[in-house]
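Could you put the whole structure together from the sequences, leaning on the hints where they help?
Listed in order, the protein sequences are those of chains A and B. Under this note's numbering, the first residue of the first sequence is numbered 11, with each subsequent residue one higher. Under this note's numbering, the first residue of the second sequence is numbered 26, with each subsequent residue one higher.
No wet-lab data here; the hints were simulated from the structure. Any given hint could be a false lead.
Now the in silico label distances, taken between C-beta atoms and shown as ranges [said to hold, decoys possible]:
#, chain 1, residue 1, chain 2, residue 2, range
1, A, R252, B, N183, 25 to 31 Å
2, B, W286, A, D131, 17 to 23 Å
3, B, R278, A, T228, 55 to 61 Å
4, B, G90, A, A133, 52 to 58 Å
5, B, F52, A, A133, 43 to 49 Å
6, A, G184, B, A127, 46 to 52 Å
7, B, W286, A, D78, 29 to 35 Å
8, A, D12, B, T112, 48 to 54 Å
9, A, R256, B, A127, 55 to 61 Å
10, A, D12, B, R186, 28 to 34 Å
11, A, G184, B, V271, 54 to 60 Å
12, A, P36, B, S125, 38 to 44 Å
13, A, G225, B, R186, 32 to 38 Å
A few chain A positions that, by computed beta-carbon distances, are all more than 12 Å from chain B [unchecked claim]:
#, residue
14, G67
15, D78
16, N81
17, Q114
18, R126
19, D164
20, D180
21, R219
Beta carbons: idealized from backbone N, C-alpha and C, even for Gly.
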Amino acid sequence: MDLTIQGLTHRYDAVEVLSDISLAIPSGRIVCIVGPSGCGKSTLLRMIGGLERPSAGQIMQLGDPPPDCLNPLTFVFQDFALLPWRTVAGNISLVLEDRAVSRQDRADRIADVLARTNLSDFAGALPRQLSGGMKQRVAIARALAVNPAVMLMDEPLSALDAQTRELLMDDLVGLWTRTPFTAVYVTHNLSEAVRLGHRIVVLSRRPGRIREVVGIDTPLDARDATDPELARAQDHLWHLMREEARAADAELAHG
Amino acid sequence: MADPRPVPFRGGGFRPVQKRGVGLLVFILLIAIVEWGTRAGWISSLTLPRPSDVARTLIDLWQSGLLFQHVLPSLSRLAVGSAMGVTAGIGIGVLIGLFSLARAGLVPLVAALFPIPKIALLPLFVIWFGIDEGSKYALIALGTFTPTVVATFGAVDNVDRTLIRMGQSFGLPWLSIVTKIVLPGALPGILSGMRISLSIGIILLVAAEMLGAQYGIGAYILEAGSLYDLERLFAGVVILSALGVVLSWAISRIEARMLRWRS
Chain A
11 MDLTIQGLTH RYDAVEVLSD ISLAIPSGRI VCIVGPSGCG KSTLLRMIGG LERPSAGQIM
71 QLGDPPPDCL NPLTFVFQDF ALLPWRTVAG NISLVLEDRA VSRQDRADRI ADVLARTNLS
131 DFAGALPRQL SGGMKQRVAI ARALAVNPAV MLMDEPLSAL DAQTRELLMD DLVGLWTRTP
191 FTAVYVTHNL SEAVRLGHRI VVLSRRPGRI REVVGIDTPL DARDATDPEL ARAQDHLWHL
251 MREEARAADA ELAHG
Chain B
26 MADPRPVPFR GGGFRPVQKR GVGLLVFILL IAIVEWGTRA GWISSLTLPR PSDVARTLID
86 LWQSGLLFQH VLPSLSRLAV GSAMGVTAGI GIGVLIGLFS LARAGLVPLV AALFPIPKIA
146 LLPLFVIWFG IDEGSKYALI ALGTFTPTVV ATFGAVDNVD RTLIRMGQSF GLPWLSIVTK
206 IVLPGALPGI LSGMRISLSI GIILLVAAEM LGAQYGIGAY ILEAGSLYDL ERLFAGVVIL
266 SALGVVLSWA ISRIEARMLR WRS
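Structure, rendered in structure tokens:
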């Protein structure tokens, strides 16, 4: 299933936050969206996922989601959004309970995603017992459990420390390499974008417009921190963003 | 080179730690002082009764079976009245928390009901619901209702919105979002509201029983008061305090069981 965004514009009252965004999200690819803070990238993601309505323009689905997909557009949130009163398995079960899934199938799906995210030993743990990295693994497992057509990841690694972030990036690359998934990945971290993105969309500061779309052809599992091509791409992205970021930083917060 | 000195410690404090038995010690100390004072004579028997006499009165009450004759009706009034008030309060509070229309319509009403001294309405309740149990249930129910409503909708408002967004983003039906995310998330606030409403329930119980009840702790205290029988008056007060402590302990137990997920 592909997604296309056509002429999307959004205003909060009189303030325009997103301006004329048109973008294609092809199946099986990770599209990263980067931009200075306040450029509306998280708002854009919520609109792609149908949690917010744009003022103008539309988001179209092309083709049908795969037949065993329970929730085509599935989010992974920055702050994990795990229910603290449910165990790891219970948090994953939550998103399957209201679906036409047999008890056995539900248990199988939970076991499967826990195994894929190396969480099988923690099925009975409560979120408060887990580190930040583990919590985000649970949230990723929960997203995988519904077999999403597109994963919408809203700065999923921003709440984690640098080492954990590296580990989780490796995990995501591993997950994608085994079974390629479609994702829109919002981040302000350029090294995450060049590690995980097949396409990197650079937004300007408010109102967010697409400044450039950078494609990186190196396969995900062949990318590493010493790769000069990635370093060049990251440098290019920073060059695009630098002035925008500085200007955005100097702006007064709006109302 | 100056002499090396240890860096002075400036942290610590501002962190309550559990101290076992101190509360009990304060009780015992106070009672011991009163006992000593009444025996030595610098507290007159008109000011305070001797604690040992109060204890003897309690034992007599127990042995004569009168204790249960007074406590059981009181407990059942408190149970029925507060069950009605708390149930309705949680229901209305959740409605206010979930629906803007209910909020707009009911919050002013609750704000208007809250400060009314419910005791002032007792004569009215006697006419509406009869001099029997009905008016007592109604008084306790109304008294526990308003604080429960306020605590409940506050608790629903405070449920983490990102969890609700998460539920929506996974396509959970509305009812599941309410029962699996909103209600468990509001439970801590609802339980701490119940502490307050049950204490108010005890106060109103006594007030209701002072007007037209043959048995009940309130009736017992009123009778002792009008005879200026301080031992029995204080015996009644001790029973009420004990009731408050037991209820508070019971809620702590419920919290410990149901909120185990909190750190």
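Assessment of proposed distance window 32 to 38 Å (beta carbons of G225 of chain A, R186 of chain B): 36 Å, holds
Far enough from chain B: is every CB of that chain over 12 Å from the CB of R219 of chain A? Label holds. Min Cβ-Cβ 26 Å, cutoff 12 Å.
Quick one: are F52 of chain B and A133 of chain A within 43 to 49 Å, going by C-beta? 47 Å, holds
Could you say whether the range 46 to 52 Å given as a hint is met by the Cβ separation of G184 of chain A and A127 of chain B? At roughly 49 Å between Cβ atoms, A127 of chain B and G184 of chain A fall inside 46 to 52 Å, so the hint holds.
May I ask you to test the hint 52 to 58 Å on the CB atoms belonging to G90 of chain B and A133 of chain A? Holds: the Cβ-Cβ distance is about 55 Å, inside 52 to 58 Å.
Assertion that Q114 of chain A lies outside the chain B interface [Cβ separation over 12 Å]: About 21 Å separates Q114 of chain A from the closest Cβ of chain B, which puts it past 12 Å; holds.
When you look at the beta carbon of D78 of chain A, is every beta carbon of chain B farther off than 12 Å? The assertion about D78 of chain A holds, with a minimum of 15 Å to chain B.
CB of P36 of chain A to CB of S125 of chain B, is that within 38 to 44 Å? 41 Å, holds
Once the closest CB in chain B is found, is it more than 12 Å from G67 of chain A? 21 Å, holds
Take a quick look at D180 of chain A and tell me if its Cβ sits farther than 12 Å from every Cβ on chain B, holds or violated. 25 Å, holds
Classify the label on N81 of chain A as holds or violated, using whether its beta-carbon is more than 12 Å from each beta-carbon of chain B. About 5 Å separates N81 of chain A from the closest Cβ of chain B, which leaves it inside 12 Å; violated.
Taking 17 to 23 Å as the stated bounds, is the beta-carbon spacing between W286 of chain B and D131 of chain A within them? 20 Å, holds
In summary, the numbered hints that this structure violates are 1, 9, 16 and 19.
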